[in-house]
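Peer 1: Here the protein sequences line up with chains B and A, keeping their order.
Quick note: the first sequence, position 67, residue 67 per our numbering, numbers continuous.
Numbers in our numbering are just positions in the second sequence, counted from 1, shifted up by 1000.
Any given hint could be a false lead.
Stated by the list, open to error - Label pairs and their in silico Cβ distance ranges: (1) A:Q1090 to B:N170: 53 to 59 Å; (2) A:S1125 to B:E203: 34 to 40 Å; (3) B:A167 to A:T1228: 54 to 60 Å; (4) A:V1584 to B:N170: 37 to 43 Å; (5) B:G85 to A:D1547: 25 to 31 Å; (6) B:E203 to A:T1502: 34 to 40 Å.
Rather than coming from a laboratory, the hints here were simulated on the basis of the structure.
Predicted model, so just to flag it, every value in this text is computed and none were measured.
Glycine included, every Cβ here is placed at the ideal spot set by N, Cα and C.
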Amino acid sequence: MTLTRRASLLSAFAAPVAGALFAWSMNGQSAARSVPKPRPGAFGSEYFPNVRLHTHEGDEVRFYDDLLKGNSAIINVMYTQCQDGRCSLITSNLAALQRELGDRVGRDIFMYSITLRPHEDTPRLLLEYAARHHVGPGWLFLTGDADDIELVRRRLGFVNVNPVLDADINQHTSVVRIGNERRERWCMAPGGTNPRYLASIVESAVL
Amino acid sequence: MYLLRFKESRLVRRARTNREEIVQAGLSRRDMVRLGLLSSSGYLVTRLGLSSRTADVALAATSPPTRPWIEPLPISPIWQPVAALNPPPQVDPLPGEGRTRPHQALTRFPPQKLYEVHVKEAQHSFHPDLPLQTIWGYNGVVPGPTYHIRYQEPVLVRTYNELPQNHTGFGVPQLTTHLHNNHTPSESDGFPMDFFPSAIGGTQLFYDQHYPMQLAGFSKQFTPFGDTRESLSTLWYHDHRVDFTAQNVYKGLAGFFLVFNDKDTGDETTGFRLPSGEFDIPMIFSDKVFDSNGKLFYDLFSFDGIIGDKFTVNGKIQPFLQVHPRKYRFRWLDGGPSRFYQLFLTDLNNLSRVIPFEQIANDGNLLPLSVTVNSTLIAVAERVDVVVDFSKIQPGTSVYLENRAQQFDGRGPTGVVLPAGRGNLVLRFDVVLPPVADNSLPQTPPYKFYDMPAPSAAELSAAKTRSFTFDSSGDQWVVNNRLFDPNVVMANPTEGTSEIWTLQNDGGDWQHPIHIHFEEFQMLSRNGSPPSAIERGRKDVARLGPDDQVKLFLRFRDFVGRYPIHCHNTVHEDHAMMARWDIVPA
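The shape of chain B in the complex, shown without the other chains (with noise of 0.2 Å):
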């Protein structure tokens, strides 16, 4: 299965990358933009900020529209480059719980990698990154505007209490959101956790 997935991942990224690159490169200066804020009690369209995001495989997506919208998701933060190995073992691990979840992930529930160091991780690492990790279908990384995804990491509640330790990427976060957009039912696991376990989160919660 991973074989397989491997190989349409990487022959699928040959072409549009180029493209992709340049329309990454170009948001990254776009100026600072005025997001609706939420009112609190909804966990929608007014809540989830719907950027500009450009995903592993080279597109363009919108942040609500496209990804959260009436889906189901299973969201965390990364960096390529992080030197403490914390964010590869996070992932590993959410490989393994999409190997539990099997063909599910795709089409019931998607997953979503968000960089922190938006300005490092263009399209073409995290397409690396992501084969590396031996990422399936349903499973985006994605980077954008430095300023869209603080936005939306805050959203997401990737935030640590205290701001000091906040402003520092190295205590960053490897709690995963896993939620329900349609039902607004949103919980948060330890990502590094048994993969099995994470699944039947996954499945009595949001499936």
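Add chain A to chain B, keeping to what the hints say.
Peer 2: Chain A alone, transformed into the frame defined by chain B:
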């Protein structure tokens, strides 16, 4: 792991400084209301900058104003048993039952009291100034009905899950009801993984929980009735669905379960002669947030905890209670999700006045000896029974129950105890009812209850020792450096033995009320010193402040199976601050 002793951000520091300046300036309440610093209901106005997320989003919602002291304190009805259940309870799970394991003590202790409870969605008013709210309640009420149970009268509660399967919003319609602190066989305990949905294929589902109501030790050392000194009084029940406990309990799934025996009789002319009947009032404190439309709000993406700006008691915001000039027993419970309370009785007309009261219990057990206190600190899930004597308050006047613990976020209180009148007014007592007979507690305090001998030297030396270190790694909670996995058994004490458990907080400045299911512990030491008088009772929640270490003595008797140890800041709990341990057969 990472010591969290860093500088605060400018924003957080400014907010804190603001409050401290207000407090130090000694502004009067009227000044503060005029300056917009205090709302008319007695709270410091919530301002942006109190949490790291508020700078970004309007999430630290400030609830709409509500007038204080409009409605009386509601007191939940006492739930009545039914004559029979259909189908009748049996050892193995019934068709349509969510239970997966047989009852281990049903045959030995056939239920004498059968209860049926329906968990369902309903409309509830937290306050007349707010719209009706869709809540989840045991029998559709918040808080759930109160059980009055007697020892040696085995109970079976059949809980039907009638929550809407297609529910949208916080909360998940799957249930496992934990009877907090009871001596319960594992399959009836409400283990977090034992949740069941409302229906499968159109069949309404239920779960039978068998509470033998036997005193601990009945099977060996204290046959046949157990050790009277282990008698419990104030328990509560709440949903415990793994990963969603905070949401489900916030939505209303909690209630009281009060236990009586021939000492704590429910009759103030007998036994310990505690204030009884209408003078015995349970109160569950839950802080809430409401959005700009007045709808109950739960921040699904908060990591540290949920801190509300509206204080409910028994499901009403800032109610009042009219009292007679006599002694009352109050059973105070911090229903969470994340706030600690330091409760004082405050006279707003004389802020320097100290109004002491008698603390008679800490968690489920009565203290060996009551303690006269000026305030009491309660963390989530802790219970404190107190006796307040309103004959000491001038008739026609009011005193307030005030929380003076300063707390900005889910990490825990700051340690600052706010001056009188500057905290959160939770409840108003009006001493306006006529004098009535008071047959309770004729002796002068301290009141003596069950003996609690220290474990013997032989017991201590025979006890196996274990450590549980609470920490975090990459924002993931770890216990002994392990992430929660319900299939991993972290400790496996043998039934009939005793152990000494050391709980250590290595998680920097975060505080954790750690709850151990099954049989409550005796605290041997806190940070190397003997516990204070109010921690000298048997407890089931151990508060761990920064770097705290407590040593606990526990007995594992009578039943076997899986149980959890977990943080009862329910938001931490839902983020997997939990470990499983099993009692294994001898």
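Peer 1: Tell me the numbers of any earlier hints that the structure contravenes, in ascending order.
Peer 2: none
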